[in-house]
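First to last, the protein sequences are chains A and B. Just so you know, our numbering puts the end of the first sequence at 416, numbered straight through with nothing missing. Just so you know, our numbering puts the end of the second sequence at 225, numbered straight through with nothing missing.
Hints are computed from structural coordinates only; laboratory data are not their basis. The C-beta atom is built at its ideal place from N, Cα and C for all residues, glycine as well. Take these hints with a grain of salt, some might be off.
Quick partial rundown of chain B residues pointing at chain A, CB under 10 Å, derived from the structure [what the hints assert, rightly or not]:
| no. | residue |
| --- | --- |
| 1 | Glu-82 |
| 2 | Pro-135 |
| 3 | Gln-146 |
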Amino acid sequence: MSRPSLQEIRLDPASLARALAGLDRSSRIPDVLGAPRASGDAFHRLTVGVFGAGSIGSGIADRIARLGVRALLVVDPARFKLESTITHPIGPEAVGRAKAPFVASLAKAASPETRVFAFEGPLQQLPTHVLAACDVALLASDNLLAEVDLTTRCAELGIPLIQGSVYGAGLVAQVRSLANDGAGPCLCCGYGPAEWQALEADARFSCQGEEREAGDAGAARPTASMAHLCAVAADLALMELTRRSLGLSRPDANEEFAYRGALQSLTRTRLTPRPDCPVPHARSTRVGWERDLAQASVAELLRRAGGGDPDVTLSLENHVWTDLILCACDRHRKLARFLPEDADLGVCQECNVTRLPHPFGCRSEVSLRALAGRLDQPLAELGAVAPGSVFLRGNDGTRLFHAPLITGESDAGRPA
Amino acid sequence: MPDVRPDPAHAAGAKPARRGLAALRDAPLTAERESWLVAALARGRGTPTWRARLACEARELLGLEHLSGGRLVVLALDCASELRAIVRLHAPVPCWPPGAPEPVIGPEVDLVLRYPEAILRQPLAGTELVRIARPRDVFLPNVSSQGAFPGEPQALCLGARIPRGLPVREVVLGSYAAFTLQAVTLDEADAAGVLNREAAAWWQQHIERVPLSREPFLPRTEDRA
Numbered sequence: 001m002s003r004p005s006l007q008e009i010r011l012d013p014a015s016l017a018r019a020l021a022g023l024d025r026s027s028r029i030p031d032v033l034g035a036p037r038a039s040g041d042a043f044h045r046l047t048v049g050v051f052g053a054g055s056i057g058s059g060i061a062d063r064i065a066r067l068g069v070r071a072l073l074v075v076d077p078a079r080f081k082l083e084s085t086i087t088h089p090i091g092p093e094a095v096g097r098a099k100a101p102f103v104a105s106l107a108k109a110a111s112p113e114t115r116v117f118a119f120e121g122p123l124q125q126l127p128t129h130v131l132a133a134c135d136v137a138l139l140a141s142d143n144l145l146a147e148v149d150l151t152t153r154c155a156e157l158g159i160p161l162i163q164g165s166v167y168g169a170g171l172v173a174q175v176r177s178l179a180n181d182g183a184g185p186c187l188c189c190g191y192g193p194a195e196w197q198a199l200e201a202d203a204r205f206s207c208q209g210e211e212r213e214a215g216d217a218g219a220a221r222p223t224a225s226m227a228h229l230c231a232v233a234a235d236l237a238l239m240e241l242t243r244r245s246l247g248l249s250r251p252d253a254n255e256e257f258a259y260r261g262a263l264q265s266l267t268r269t270r271l272t273p274r275p276d277c278p279v280p281h282a283r284s285t286r287v288g289w290e291r292d293l294a295q296a297s298v299a300e301l302l303r304r305a306g307g308g309d310p311d312v313t314l315s316l317e318n319h320v321w322t323d324l325i326l327c328a329c330d331r332h333r334k335l336a337r338f339l340p341e342d343a344d345l346g347v348c349q350e351c352n353v354t355r356l357p358h359p360f361g362c363r364s365e366v367s368l369r370a371l372a373g374r375l376d377q378p379l380a381e382l383g384a385v386a387p388g389s390v391f392l393r394g395n396d397g398t399r400l401f402h403a404p405l406i407t408g409e410s411d412a413g414r415p416a
Numbered sequence: 001m002p003d004v005r006p007d008p009a010h011a012a013g014a015k016p017a018r019r020g021l022a023a024l025r026d027a028p029l030t031a032e033r034e035s036w037l038v039a040a041l042a043r044g045r046g047t048p049t050w051r052a053r054l055a056c057e058a059r060e061l062l063g064l065e066h067l068s069g070g071r072l073v074v075l076a077l078d079c080a081s082e083l084r085a086i087v088r089l090h091a092p093v094p095c096w097p098p099g100a101p102e103p104v105i106g107p108e109v110d111l112v113l114r115y116p117e118a119i120l121r122q123p124l125a126g127t128e129l130v131r132i133a134r135p136r137d138v139f140l141p142n143v144s145s146q147g148a149f150p151g152e153p154q155a156l157c158l159g160a161r162i163p164r165g166l167p168v169r170e171v172v173l174g175s176y177a178a179f180t181l182q183a184v185t186l187d188e189a190d191a192a193g194v195l196n197r198e199a200a201a202w203w204q205q206h207i208e209r210v211p212l213s214r215e216p217f218l219p220r221t222e223d224r225a
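If we strip away everything but chain A, and leave its shape as in the complex, we get (with noise of 0.2 Å):
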């Protein structure tokens, strides 16, 4: 089963430029009273990651573009059914088709000169490259699997994350904003028995005939809503959004915002952590890395961290450190060197079968007591190949760096 990858949405250069022709989104979008920012300044800079394409994500993604934010990115792993048109806001013609790059393609259409990206998989297979250059993170799926993969991601990487989300049969509309700066709750902080047992009754991996399921296999609920309770959802993570980016409420806020329809009526609750979540809340520094990572050497990385802790920890993405080497004549030779997730070692010259990495001498992450006499070398001579990323995790906190989303000229001549 092949990995989902990443898409750049682009216009072809006659309708870019029929698009572009006289278009000042700044005539129309205002600077709001008492904002310490500037409605187009701030926009501007904001990369946003939408997570859900259905009834909520779809209206984010349209309405998020129109502010012209300087990069969109949708993910979902599903496609449109029929009963997709009662709840989002697509016609027929949209059904069998796959929800990410069409949300997407809609957003590029509203907003040329944003940089938007699609990405057709589980969320739970999406670079952390990717993830990390997110300003803020935008939820709106019902898959409580993928829920907890994003409020863990965002919770390490310190990405806000807003999460609009409905109940139909009550006409409540909910958002909850978390501010993810290490102190404060997550989503899972908030989770009572019913969530927890929804989550183990969602998750379902089939190993049917050997194909992996990617693990979001958790099957996600359908919508029971009506499109104009989705879109109250979406406006109201929307709204939240630009508080949170106007400057109009406190970094550090953690908020529920509940609209209940029954009584056209909005309430305010303050979110705190929970001690013995199972979620760890300790944040990350991103660090973004223009240039090509596997040229770094860990002594530069550990040089930019400003560290000397001997403690640090090494992982690289879609990466194993692998120790030794599994064959049938069991003579486990040492290997000591990172190798990409399904990488092939090739037949054992002594016992002609395929060797593959000890599962007990592989790891996700490496000690520098294990690198000692390597720490100058790039990388790349340490086996890896193309890293999206590289965490180092210490005593004194973990740091992240990152290949940036954005590279090269858009088609819109916005460069990165």
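Got chain A; can you put chain B on it based on the hints?
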């Protein structure tokens, strides 16, 4: 570091106060195993919650080894960022080596157990926790065929999902049940699926050989103790 020593009332050599798996918590460890455990846990990283869990699970694994009467031997243990162990399971293990006319039943299997921190917060896929280091060519419906997962040895599937927080002892017991065919999915149409359809079909045709052993994991004498 969490205190992982057993209750002093049940120190090494003392008779466990409980029977069967209920005795696991108080199972005595030899001095060698105790120091092994302490050394492994000293390298543990992660949140205090996770390190405490690692300590409990690692101790239970070694306790299970003690109670198993030799059926389980822990060959290596690592608790640096997750619990990883090589365990030898003495159980009938069907393999189908190239060229053999039918499956050959071996006496033991070396498994690599992996117990990641994510299990604290979410269910995992059934294939995530157990890999087979030795022998090769294990021939079971719930074991992937050689090369099915690129770059990895054969995987044992413990079900459609691993429930959140499943303890390591259940992983070991589930593995034993799978290898002895005491628990097996032979129906290709089962919602959980099968990993090796060819093996499922073969064992369906040779259902009289199932299970390969009726012996429980723990020796019966333990229950009588």
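Which hint numbers does the structure go against, in order from smallest to largest?
-> none
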